[in-house]
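Undergrad: Line by line, the protein sequences give chains D and V. Sequence positions in the first sequence follow our numbering and run 1 to 361. Sequence positions in the second sequence follow our numbering and run 362 to 649.
No lab work stands behind these hints: they were computed from the structure. If a hint is listed, it holds; no wrong ones were tucked in.
DSS-like mimics (lysine-lysine), calculated; alpha carbons at most 30 Å apart, straight line:
1) V:Lys-520 x D:Lys-352
2) D:Lys-329 x V:Lys-559
3) V:Lys-381 x V:Lys-559
4) V:Lys-390 x V:Lys-559
5) V:Lys-520 x V:Lys-559
6) V:Lys-520 x D:Lys-329
Now the stretches of chain V that chain D is said to cover, found in silico as 3 or more residues with beta-carbon under 8 Å:
7) 389-403
8) 500-511
9) 532-542
10) 614-627
Quick reminder that beta carbons are idealized off the backbone N, C-alpha and C, glycines included.
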Amino acid sequence: MYVAVKGGERAIARSLELLAEARRGDTAVPELELVQIRQQLRLGVARVMQEGSLYDEELAALAIRQAAGDLQEAIFLLRAYRTTLPRFGYTEPLTTQAMRVRRRVSGTFKDIPGGQVLGPTYDYTQRLLEFGPSIQNETVEADEPLAASMPRVLDLLDAEALIERIDPGSDPEPTDLTRDPLMFPADRATRLQNLARGDEGFLLGMAYSTQRGYAESHPFAGEIRMGEVDVLICPEELGFTIEIGEITLTECQMINQFHGGNGVPPQFTRGYGLTMGEGERKAMAMALVDRSLRCDELGEAAYAPAQNQEFVLSHSDNVEASGFVQHLKLPHYVDFQAELSLLRTLSAQQRKASAGQEALS
Amino acid sequence: MSSTYNSNAYNFGFLDENTKRMLRRALLKAVAIPGYQVPFGSREMPLPYGWGTGGIQVTAALLGPNDVLKVIDQGADDTTNAVNIRRFFGRVAGVATTERTADASVIQTRHRIPETPLREDQLLVFQVPEPEPLRTLEPREAETRTMHALADYGLMHVKLYEDIAQYGHIATSYDYPVMVDGRFLTSPSPIPKFDNPKLDRSPALMLFGAGREKRLYAIPPYTRVESLAFDDHPFEIQRWEHRCAICNAGDSYLDEVVVDDRGTRMFVCSDTDYCSQRSDNAATEEAA
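Kindly generate the complete structure, drawing on both the sequences and the hints.
TA: Here you go:
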């Protein structure tokens with residue numbers, strides 16, 4: 001006899017116990033400490049902070065441990081926590097020009113004021129697995145300190161009027177996508193906000209498509225810089241700005257060729273990417289996608305997915321995408337039953353029709 | 362973990378009061394314009410998008426300490442996601458919960474409307490995956506908003522006509538489009554079309570929440586709701602040759618259950634409360 005599928009509550013409780021056990025693994029092996037995750041898995045922590053839209057290394061490390069290293073799940077945990085946090089205020093715009101640079105490279109000029117600074121990069125590692133304990137080498141101090149002033153490479157072009165000028169004051173007051181829904185058409189500031197929260201893999205694929213002919217894209221990496229930037233706020237009760245700390249940022253400014261159009265003369269145009277923490281791959285991808293999404297403004301033919309803002313912005317968020325793709329594993333008995341009976345009706349109808357045809361012939 | 366982060370620091374119903382106020386304002390607008398999709402500042406919830414975040418936000422905005430909550434998925438109270446959402450509200454709001462439709466003041470549902478008729482003092486909250494009924498016909502949001510503004514629904518009528526031309530009847534069995542108050546084409550959420558007639562002039566207020574898509578809409582009490590059809594192809598609901606194998610109901614939506622490896626089927630009520638009430642009543646009558 002049929003027994004109704006009961007006991008969802010108990011099944012969930014048992015499943016949570018299994019999950020906790022699987023997450024912890026062998027209890028003879030010490031549990032990961034948050035400080036280990038923060039320090040030794042710092043790029044994972046950076047990605048979780050970045051796509052989780054919350055700059056807190058401790059919480060990101062906690063989320064990574066709780067998610068057993070599944071970074072998307074960790075991002076989800078951080079976002080859900082972020083929702084509950086009160087807003088004390090908004091910071092002043094960050095000045096990346098005054099960044100205390102740890103890495104800064106340009107693909108457009110051999111030498112630049114302030115110099116090229118490789119910093120801690122995987123770029124020139126030889127991707128050979130290092131068996132045995134990791135090598136503890138001593139870092140050698142440079143002969144001279146980095147230049148105090150590191151002008152942005154694009155500002156050098158700007159002085160020659162070869163690159164489009166964008167007046168920072170022309171930006172509208174930014175909307176907050178975590179408070180107001182995304183509406184179309186979205187302005188550039190809103191698009192950048194969406195991309196900043198977007199999934200690195202999705203943006204990487206979109207950016208890659210623009211390099212392979214699915215959009216007009218002739219990019220040069222004008223400058224990539226990573227380092228620490230001061231965070232300033234101006235509390236109403238004080239009336240002057242105070243520094244509340246510093247955060248690590250990666251900024252990418254792409255330079256794109258542009259043949260002119262829509263009343264704009266031929267000149268270089270800009271694509272912009274910015275991530276919290278070290279996130280160079282994402283910052284570069286973001287800059288390429290930002291530029292391709294400017295097609296309407298620059299009067300470029302829009303035919304490629306990466307130029308379609310509804311397509312890109314509606315599908316960039318991995319918490320949304322992951323939830324909706326995976327909701328298919330929830331029960332759909334009722335709708336499936338409805339489809340089943342429709343299909344039975346249709347196939348009975350077709351059998352009847354073909355039987356009628358045979359009788360005629 | 363440092364003590365800076367307090368795990369019990371959540372407000373009643375998880376959301377803070379300002380967020381609830383934003384939701385209630387959006388809901389009032391939704392009630393004022395029946396069937397219109399109101400964009401709202403959907404929050405990131407601790408449950409995944411696509412799993413009821415819209416419905417959960419609506420419920421969270423409406424619940425008071427004296428409410429009695431019922432949560433169903435596929436008509437059943439004991440499906441895992443319904444259990445999980447009920448557990449969530451038990452944890453963050455501590456409200457009383459029930460499985461009996463008649464005892465609930467707020468009912469959150471996915472994919473069904475209860476068989477037991479609802480009353481004026483009850484609220485029905487739907488979880489909506491895709492609030493835009495035109496989405497599969499026109500993916501661009503900017504376009505569909507214009508079509509709603511102009512009440513330009515030709516595209517949907519053509520789709521239904523093509524179904525008839527191709528298959529002999531309309532080939533939509535769930536999420537069957539409706540016109541609300543003669544103005545807005547609306548998705549009833551993926552309920553089977555069997556449930557569509559229950560939307561028409563319902564005494565209970567019906568609220569729809571789409572969290573991922575950031576839209577809310579409403580069907581106020583006693584509002585006219587018509588399922589789209591043609592004069593020569595009137596709207597019809599699903600019918601079964603079977604009755605419920607447990608309570609013998611002949612008027613409820615039935616789930617088909619495979620009971621052995623030879624493909625034997627049985628049919629039972631999808632609404633578990635309706636089914637058990639009927640079985641209990643039958644047992645009482647027999648005893649008396």
